[in-house]
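Assemble chain B onto chain A, guided by the hints.
One line per chain: the protein sequences are A and B, in this order.
Be aware that the first sequence starts at 1, since it is given in this note's numbering, and climbs by one per residue.
Be aware that the second sequence starts at 1, since it is given in this note's numbering, and climbs by one per residue.
I should point out that these hints are in silico values taken from the structure, not numbers from a laboratory.
Check the hints yourself; a few may be wrong.
[Claimed, not checked] Now the stretches of chain A that chain B is said to cover, found in silico as 3 or more residues with beta-carbon under 8 Å:
hint, stretch
1, 363 to 374
2, 428 to 434
3, 439 to 450
4, 483 to 490
Don't be surprised by glycine CBs; every beta carbon is placed ideally from N, CA and C.
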Amino acid sequence: MIWGWILLLLPIAGALGVVGSSARAAKSVALLTTLATFGVSIAAAIEFKVWGSGDFGLVSSIPWLSEVGINLSIGADSVAMMLVLLTTLLMPLAVLGSWTAVSERLKEYYGWLLLIEAAMIGVFLARDLVFFYICFEFTLVPMYFLIAIYGGSGRARACIKFFLYTFTGSLIALVGFLYVAWCYAESTGTWDFEIATLCTFAATELSLGQQLWVLVALVIGFAVKIPLFPVHTWLPLAHTEAPTAGSVILAGVLLKLGTYGIFRFVLPMTPDAVVEWAPILGILAIIGILYAGLICWVQTDVKKLVAYSSVSHLGFCVLGLFALNPLGLQGAVLYMINHGLSTGALFFLVGMMYERYHTRDMNSIGGLAKRMPIWAFFMVFFVLASVGLPGLNGFVSEFLCLIGTFAAGESGSYPGVLGPWFAAFAALGMIVAAMYLLIMVGKIVFGALKEPVNEDHHDLPADLSPREIIVLAPLAVLCVLLGIQPGIAMDAMDGSINETLAVYPDIVKGAIQQVTDAGSTVLRGGMNQ
Amino acid sequence: MILPSLIQVLTLGVSETAMLVPHADTEPVATSDVVVATQHWWAGFILYLPLISLILCGLCAAMKVKTKLPAWITTACLLGSFVFSLLLYFDYGGSPELIPILSWINLNDAGGNFAGFSANFTLYVDSLSLLWVMFVTGLGTLITYYASEYMEADLGKGYTRFFAGVSVFLFAMVALVLADNLLMLYLGWEGVGFASYWLIGYYYQRPSAVAAAKKAFIMNRIGDLGLALAIYLIWTTFGTIQYDELIDVLRNGSWKEAYEGWTIDAIPWFLMLAAFGKSAQIPLYVWLPDAMEGPTPVSALIHAATMVTAGIYLVARTYEFFLLSPESLHVVAWIGGITALVAATIGLAQYDIKRIMAYSTVSQLGFMFLGLGVLTTYGAAYHVFTHAFFKAVLFLTCGAIMHGFAGQLDLRKLSGLIRIPGWRITSIAMLIGCLALAGFPLTSGYFSKDAILAEAFISQGPGFEALGWIAIFTAFLTAYYTFRVWFRVCAGKVEYEPGDEHHGDDDHGHHGGSFHPHAPRFAMNFVMAVIAIGALVAAVPYFLDTKADDALTGGWVADMVHDSTAQGGLPGLDRHGQSIGDPVEHGHDVHHGDGDHAHPTILGMDPHMAMYIISGVVGGLGLLLAAWLHLFRRQDADRLKAALQRHWWIAWLPRAMERKWYVDEVYHGLIRAPLWVASHLMYAFDRFLIDGLLVDGIARIPRMIARWFQPLHNGIVQSYAVTMAGGLALIALLMILFIQFWKVGGGG
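With the rest of the complex left out, here is chain A (with noise of 0.2 Å):
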């Protein structure tokens, strides 16, 4: 299907032509490009036919290194689909979000969003692991760019740091992509590097010794994209640097890779050691999501505080991957889309307050609703739709993330190894937010009016202009349709989501018959103790 490389190939292009255009052209051909890429997103749907079912849709491959079983071979099932149709929403929003923002070496800048997109595209799209790979660790280079040319002050530190950081994470990983793929090559003879053959091979074939090591290399590389506590200290510094479309496109999508990689290789590929380190993995995920929050609490730098707030709310997301039933893994999934859409629209509105005042400061900025009342609406919709207020979009993903780790009991067709506990401690989690989320809107949005004097002169009018509202409205739209009507959603996804847990539940009927037996329940947050 000439779909999938229509959507790898067209901001590729884009990028070609913006390099080649003039500087003042840059900004339109990428909006330009990434508008059709979008469209041919869209068209990609409806052609993708398999909607909520199992199957991959766009299935395309084309010999590469076929000796060696590497192909260029992508596809995508209904998940990786919504997520394609995230990045290609943000993109748009994020090349007219910095349409005034960034004023110098502009070429560069549009040629490294749209190659960033490419690679993105490229993550979701692949069915190789080889060419994943590649997609994966090429979005860090035109992300590091982006914060190291446009970055704030304290870009050189940061975007070291993110590049190490995640470099090194996804090292690990591939230790483990190519361990799995040798002994894939030493039991068949061949070698293979077909996703989904590698992962029913791996399921199967590796023992629980060696799918533990398996699942720990790949959750390092993983955890830290997420990222999970404690690899996640390169995040708020690497989002307070980078400029607003580079924070946007790293909460919106790039930090979803980390998940992705959990719902697209970890739990098909180790599942009986999942289900051996899942309450590990819960278990940091509610000290990240507790220990980031109150973290927020103290922040006096906005855009730090929506950072780590992404430290926070993943944590709920990878509580719902690792409930192992239908409701968490659902919520997880669609906390990964909502996440983008409110986080990345408050990124937006924290870049839009930066340009007018520079800076950041909660201290030296409030009431903002008096001057900017457009602003002020939208900043309070988004942090309502990051807090999970029913009726928006962000509520129904916790909602279901945190019933399906509740459930994730001994009992039950789906059982699991999280439990009542770890749903209970992570739901406190909705406090802190919150917490600091309305501290937040209570000092910049509400109280007297303060304003820092800002030399710059800026072309921007005091409230927000019509192209800032359309950056908005269209994410906001979103909020409340998948808010009312997340079925939308669900339906469209079940059926790979049923897939990836088909295997589960006699896997942890399995594991919790010999703790029973061995007659000890550490670690196990079940119903019936």
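Okay, now just chain B, sitting in the frame of chain A:
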């Protein structure tokens, strides 16, 4: 979809009921035949209209409308909601109905035996939700109309925003009340929390308003956490969160086979936490008095119709869970009783009349929880109903005074309002509200409070009799502090000082230095009069003929509770909604155990009769005390206070009461401040230990290794230097950490 399982459960239910209940000769009340009433599709408009109003207000805001249009839109839409509620009431067939509107979250397992999760926007109409939705929309309409005049100083500024907020408020409350499942209830539940955040923080440039709004939202969130956990528990235990299915399973006992472990016992405790948060009970009540930072019509909405009654509604709606765990009901009763007393003592010592009314709400809500705890859901519901009227009128009159006297609310600085031209309706309306709140004989509050108080003596529970006396004492305090307000503000000689609020620039008659209060005009007077009459008429339902049997006292409101999920708390009925034969034998199997007690009495009289007398006397005494100290000899009040303050052993008491028993300070010191310090420590930990020491440290290892492999080049001095530098760095780091902690400790 639900029907097949329903029929199955129904048939099972009938046989089970027949076995469990000794008096099987009466026909079981068919509460479980819930029908899907598609013919009532128009009931959806009760929900849509506030939403439409919100959208239209949004349009008004976008088009910068500077007239009263938003107020008229909102009033009209809410009136429409009210009319539809009435139509639904008159067309209601007597058995619960489901009215589907829109799907929401559904998850079915393709594989088969996973129970599936389902929560849709479907209306559940039974007598309880009808009762609630009628007074919510009715009072909501009136209060909105009142606000159209009250808020006019903000025309073109926040006017539209205000009415948009009111629309959200009403929408959320209606969704809460009409939900057919706990998740949609949760939507309304958080929705009213959010709307109150919006409206309490209406004057967003005032820091105290922002703080109060935030406090309300966060305190409510703590309660919401309880509700969320209860929903998880209920779903994992029963596989459903829809009322009709839950009630069936609970009533017919079929859960017993599937049930093991602690989950069922835990459910009521979490529901209780939720209800205490929303309905401002100890320990989560502190947000409600602060909520008066919002414009007064908002306070009237929060305190009377929407918001705080939601907690009572939740408990009544999920009463079957509470019946399974009698201890939980005992706790509900005691928390309610204690909250009633504590809030009343605080109300006693305040000077701000709106604040006094706010504490009286907390106190009255305590009475309602007491009623729920002592198994009179009907008493609680009736008190909610009467309270909605008289508390609304009290807040609206306070609002009129505040509006007219430039924000003056101090009862020491206002006097003799009834003699000022134009303030008669306000004063009389306030008098009616005060009489009802004080439980003056033959007012609505008198009957509804008695229904609760009497039951405290009838039901058997740990210390319920003492609780009953506490409640009677609280009723005395209530009568006193209520009339303290009225005698000070409305009676006596004419004297007043304006407040310092100029929310209409020179709109308040500050001409040439003299101040003329501006009396309420038609809209405000009309609404105050109508609601005051409502507060009087609310006594009538008590005497209306009841369609149930003789065992049932309480008239129309009892009927409204009878056909609902809360019927387990009706005197004279067992938890299957059946008469338990002997009409004298109030209560039922849960609190009576084997059910063979002598009929309880108070001072040798029938409890209901005794309570009519006692509470009449107590109310009268409170009123007389207030008349003495605050009408006839006001100087005695000051003398009394001065006398109290002369004695060290009692001097702390009035101060502690005035400072609200220091609860806010205690919360701040015990919870917020430690958490604040801990958060700073965590942030320091994150930056210095995790990021600084571990991450950067590990990042340095390769470089250090490279150095170690070149000892010849650098010699021994260099390695000393490395060690020293490392050691110094470590010491410096520790010092920075120490200073950071110290600063945080000092600053937090």
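Status of the hints after comparison with the structure:
1. 363 to 374: Check passed, 3 qualifying residues.
2. 428 to 434: holds (count 4)
3. 439 to 450: holds (count 7)
4. 483 to 490: holds (count 5)
This entry satisfies every hint, going by the numbered hints stated previously.
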